[in-house]
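As a plain string of letters, each chain reads:
Protein chains: 2
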Amino acid sequence: MDQEAEVIENPDNLEVVAPEDAHVIEPLIFKDREVGNSSLIVLNQEIHSIDLEGLWRNTKLHICADGGANRLFEYWKKHQRTEEFVPDFIVGDLDSLKADVQQFYEQHGCIVIPQYTQYASDFMKSMRLSMIYFQSETTRGLLYEPIESNKGLEFIQLEPAQVSVDMYILNGLGGRFDQTVHSINQVIQLAQQFVQNSFRFITPDDIVFLLRKGVNYIKYPSKQSFGCQGNPVCGMLPLNTEVVLNTRGLKWDVLHWPSSMGGHVSSSNALVGISGAVIECSNDMIINIEHSFN
Amino acid sequence: MDQEAEVIENPDNLEVVAPEDAHVIEPLIFKDREVGNSSLIVLNQEIHSIDLEGLWRNTKLHICADGGANRLFEYWKKHQRTEEFVPDFIVGDLDSLKADVQQFYEQHGCIVIPQYTQYASDFMKSMRLSMIYFQSETTRGLLYEPIESNKGLEFIQLEPAQVSVDMYILNGLGGRFDQTVHSINQVIQLAQQFVQNSFRFITPDDIVFLLRKGVNYIKYPSKQSFGCQGNPVCGMLPLNTEVVLNTRGLKWDVLHWPSSMGGHVSSSNALVGISGAVIECSNDMIINIEHSFN
Chain A
379 MDQEAEVIEN
389 PDNLEVVAPE
399 DAHVIEPLIF
409 KDREVGNSSL
419 IVLNQEIHSI
429 DLEGLWRNTK
439 LHICADGGAN
449 RLFEYWKKHQ
459 RTEEFVPDFI
469 VGDLDSLKAD
479 VQQFYEQHGC
489 IVIPQYTQYA
499 SDFMKSMRLS
509 MIYFQSETTR
519 GLLYEPIESN
529 KGLEFIQLEP
539 AQVSVDMYIL
549 NGLGGRFDQT
559 VHSINQVIQL
569 AQQFVQNSFR
579 FITPDDIVFL
589 LRKGVNYIKY
599 PSKQSFGCQG
609 NPVCGMLPLN
619 TEVVLNTRGL
629 KWDVLHWPSS
639 MGGHVSSSNA
649 LVGISGAVIE
659 CSNDMIINIE
669 HSFN
Chain B
379 MDQEAEVIEN
389 PDNLEVVAPE
399 DAHVIEPLIF
409 KDREVGNSSL
419 IVLNQEIHSI
429 DLEGLWRNTK
439 LHICADGGAN
449 RLFEYWKKHQ
459 RTEEFVPDFI
469 VGDLDSLKAD
479 VQQFYEQHGC
489 IVIPQYTQYA
499 SDFMKSMRLS
509 MIYFQSETTR
519 GLLYEPIESN
529 KGLEFIQLEP
539 AQVSVDMYIL
549 NGLGGRFDQT
559 VHSINQVIQL
569 AQQFVQNSFR
579 FITPDDIVFL
589 LRKGVNYIKY
599 PSKQSFGCQG
609 NPVCGMLPLN
619 TEVVLNTRGL
629 KWDVLHWPSS
639 MGGHVSSSNA
649 LVGISGAVIE
659 CSNDMIINIE
669 HSFN
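Protein chains in written order, with the numbering used here: chain A, 379 to 672; chain B, 379 to 672.
Chain A with its partners taken away, still in its complex shape (with noise of 0.2 Å):
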C-alpha cells in the first residue's frame, strides 16, 4: 500500500486552494488584530528585533515567567514606557527575578504567584497558569485569591475539553540548546492533552509552531506579510516523532514523505503558496516559518 515518495518543485508562486474540512492556522492573525483567549508568555532571555508593542496589544493576558520580568522591565526601561506594559501575572521559582522589578510591577497591579517546585518549570507555570487564567470565570478567579506557594496551581483542575488558548511564547527557543528542547518538548506534551489550544514561539527570525495531525492550511494574507526577503523559508521538524508527509504550496512539495530525525527533514525549504499552503502530516509535528517584523 506504500506510495512511492516523491518530491516537486514548483515555481515562485502558486494558487492553492484549502481543503474543504482542513484545519487552518493563521500564523500572522497576531499582526493584524487582537485575538480571542490568548496570552503572551514572556522567558527569562534578553528581549530584541521584535514588534513587541504589537504583540503585546493583540493578546490579552501577559504573564512573564520568572526572570522574564526583568527583561520585559529592561525592555522597556530604554524606551521610558515600564508602565504601559505591565504584566497580568509573574509566575515561577522566583530565583531570578529582582527585588525592584517585582516592587515595581507590584505597585502598577501585577499579581505575582510564587510556586516553589522544581519539578515543572516557569515555562509550564506559565502555560498552566494561562490555561486556568481561560477555562473559566471560576478558575480565573482562585488566581485572585492566595495560592497554595510551591504546586498550588497545579491542584486547579483543568478539563481539556473546555481549554482553548493560543499561546505566544518570546524567548522560548535560542539560548542554551536543553532550554530550547524543553521548550518544545512541553509544547509537543501539552498539545497532546489540550488538543484545543495553539503554540506560537516568536523569535528574531521566524515563528515556531505546531502542525497537528491531519490536513493543515496555512494561511495568510500574502507572502510578503511575513517580512522576508523572496519566499518565506520554512522547515517541517518531526522532534516528536516520524511523520509522513503531503504538501501543496512549498518550493519542494514532498507526496508520502518519510520524514524522521536521523532521517529525511525538510528544512530550507519555503512558502509559494500566494496566500496559503496545505500541509498533511501522519502526526503532530513542529514547523517554523522565517519572518521578520521589520
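One should not assume that every hint holds.
Remember, identical chains collapse to one label, so a pair may be satisfied in a single copy or spanning two.
Unchecked claim - Taking lysine-lysine and the DSS-like style, the derived pairs with C-alpha atoms no more than 27 Å apart in a straight line are:
| id | residue 1 | residue 2 |
| --- | --- | --- |
| 1 | K629 | K529 |
| 2 | K629 | K456 |
| 3 | K629 | K476 |
To be clear, the hints were calculated from the coordinates, so they are not data collected in a lab.
What you are looking at is a predicted structure, and each value in this text was computed from that prediction instead of being measured.
Assemble the complex: chain A is given as a structure, and chain B must be docked to it using the hints.
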C-alpha cells in the same frame, strides 16, 4: 526485566570514577591544546561571545561554509586582524559569499570550492570536505586540484573505517529553527555512518555534542573550567529516538530512565562530578553542557 526508573538528587560535589570500558569524551580539550585531526567549520551567522582565536589555534583545518566567510571577515576586520585568520577552504553554493571577501581570502591562500548542488547544504559540504582532508594524503591532494563544481566532493570516496575527525562547528545552532534542526540532524546521520568522528557545536551559551550508545565518561579538568557560575547546567536530549539513561555525577542522576521527545527529557540538570560524569545511553543522543568563554 524492566527495572524501575529512579531519580537521585546528589550533593554539589561528587567523586566519580571513570568506568574501565567507557568511551571517554573531553568536551573542553580544545581550550587546552591543539586537537589532532580537527576542523573548525564556520557557518553563516554573526560571530559573538566566543574565544575565536583560541578555537582557531587549537584546530588544524579551517573551513567556511559559503557566507560563513563573510562573518569571519567581519569579525576579524573589527579587530584589524583579517590576515592572521585566513580559512583553508570556502565551500558551498556561493550564493552568500561576498565578492570582496572571496577575493581577499583567495589572495591570501584560501581555496574556494564551488559546489552548486541543492541536494546538500553548505554545512554538509563542509563536513564532507573535513573528512576528505583527513582521510589520507591522496584524498587531501584532490582538494588542491580542480573539482567538478556541482557535486564533485561526493565523487571522492570515503571509507568510514579510515575517517576520524573532530569537528568544531560555529554558528550551527540558533537563528532560524529549521537550520538548528538541520544541523543536529546532519550530525546524527553522519555519526551513524562515520562512527569515529566527533562533533562539537560551540555556541555562546553551551557546547552541544553527540553521545554514543553505550557507557560515556565526560572528563574535564574541573567544573570551574566550564566558566559558569555554579555547576555547569546540562541536558540529555533524545532528539534521535527514545533512550534509556543511567547516569552518575549529575545533580539529578537517573537510573533506568526512559527519555523521549513527547515524554521525559532531562533538561536543566547539572554536572556535579568533580572532574567527570558517567552517562550510559541505550542509543546515540545529543547532550549540551553550559559553557562560557569568559
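Treating 27 Å as the Cα threshold, decide for K629 and K476: within, between, both or neither. between (47 Å within a copy, 25 Å between copies)
At 27 Å max between alpha carbons, let me know whether K629 reaches K456 within a copy, between copies, both or neither. neither (41 Å within a copy, 38 Å between copies)
Same-copy or cross-copy closeness of K629 to K529 [CA-CA at most 27 Å]: Intra 47 Å, inter 22 Å, cutoff 27 Å: inter-copy only.
Hint compliance for this structure: hint 2 alone is broken.
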